[in-house]
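Heads up: the sequence shown is residues 132 to 350, going by the numbering used here.
These are calculated hints, taken from the structure and not from any lab test.
Just so you know, not all the hints are guaranteed correct.
What the hints assert, rightly or not - Pairs of lysine-lysine, BS3-like flavour, derived with a Cα cap of 27 Å: (1) 185 with 319; (2) 170 with 159; (3) 185 with 159; (4) 185 with 253; (5) 256 with 156.
What the hints assert, rightly or not - Pairwise CB distance ranges (calculated): (6) 303 with 244: 20 to 28 Å; (7) 258 with 303: 17 to 25 Å; (8) 173 with 294: 16 to 24 Å.
Here a beta-carbon is modelled for each residue, glycine too, at the ideal position from N, C-alpha and C.
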Amino acid sequence: MKKSVPVFFIICVFFLNASAQVNLKGVKPNGATVSARQKELVVSWPVGNSAIGKMVLDLENGRPLFSSLQMGKPGDLKEVAAHLDPAFVLRIGKRTLSPNSGGWDVFFDRVPTRPYTTNVVKFAKGATSVFTKGAQTVVRINGVQCETFSGALEITCYNGSPLFNVAAVVSTPKDSTAILYDAGLISKKDNWSSVAWSDVKEIFSGKRQLKQIQVKIWK
132 MKKSVPVFFI ICVFFLNASA QVNLKGVKPN GATVSARQKE LVVSWPVGNS
182 AIGKMVLDLE NGRPLFSSLQ MGKPGDLKEV AAHLDPAFVL RIGKRTLSPN
232 SGGWDVFFDR VPTRPYTTNV VKFAKGATSV FTKGAQTVVR INGVQCETFS
282 GALEITCYNG SPLFNVAAVV STPKDSTAIL YDAGLISKKD NWSSVAWSDV
332 KEIFSGKRQL KQIQVKIWK
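Turn these sequences into a full structure, and let the hints steer you where they fit.
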């Protein structure tokens, strides 16, 4: 009996750690559903017209974050995309602290004319939490790093809309820093045979085969 006690204690600790990977204490009833199991987090939310969106997130490092994105009627979901990762490129420059303007040159600071660096933002999946803000459900994953910047990835789902927002929320202790960023979703697989796009003024819109347009996939 004495030999079985340490083994039982280790097993209990393992299961406690496994269930504590995602903090769901901030989740309040708002129409969305959130479930976590080991390294997988699933968020479902109403997107309008009695349909739902479903997001399956893989929290294992080295694997695509967006394991599956689905939408449709309950019980009849269709996969829209799979195996995607968020990607951010951060250009970091220097602001001018001009004594003539009392500090910042807000409108006439020619940042691009001075040296700057272009950096790929690194993302190592860390502590994860989910919380709700009214009709919004937010997934926050720590582990975003780029030069002196650090922070978390935030994914926000909006009840009543199939759209969701992916943002790198970062800060730096370094003063007078200027940044310009690019963001997108990338994949190592050929996930689509065609792409559709539109803009808010409907000047450019349409759908073409990928072979007819230039598409860059980072690998």
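Hints, one by one, checked against the model:
1. Of the supplied pair hints, the one linking residue 185 and residue 319 holds, its CA atoms being roughly 22 Å apart against a limit of 27 Å.
2. Taking the CA atoms of residue 170 and residue 159, the gap is about 22 Å. The hint holds against a cut of 27 Å.
3. Taking the CA atoms of residue 185 and residue 159, the gap is near 18 Å; set against the 27 Å cutoff, the hint holds.
4. Note on residue 185 and residue 253: the hinted pairing holds, with a Cα-Cα distance of about 26 Å set against a maximum of 27 Å.
5. About 19 Å separates the Cα atoms of residue 256 and residue 156, which keeps this hinted pair within 27 Å; it holds.
6. The hinted range of 20 to 28 Å is satisfied by residue 303 and residue 244, whose Cβ atoms lie roughly 22 Å apart.
7. Between residue 258 and residue 303, the C-beta spacing of about 20 Å keeps the proposed range 17 to 25 Å intact.
8. Checked against the given bound of 16 to 24 Å, the beta carbons of residue 173 and residue 294, roughly 19 Å apart, stay inside it.
The structure fails none of the hints (numbered hints given earlier).
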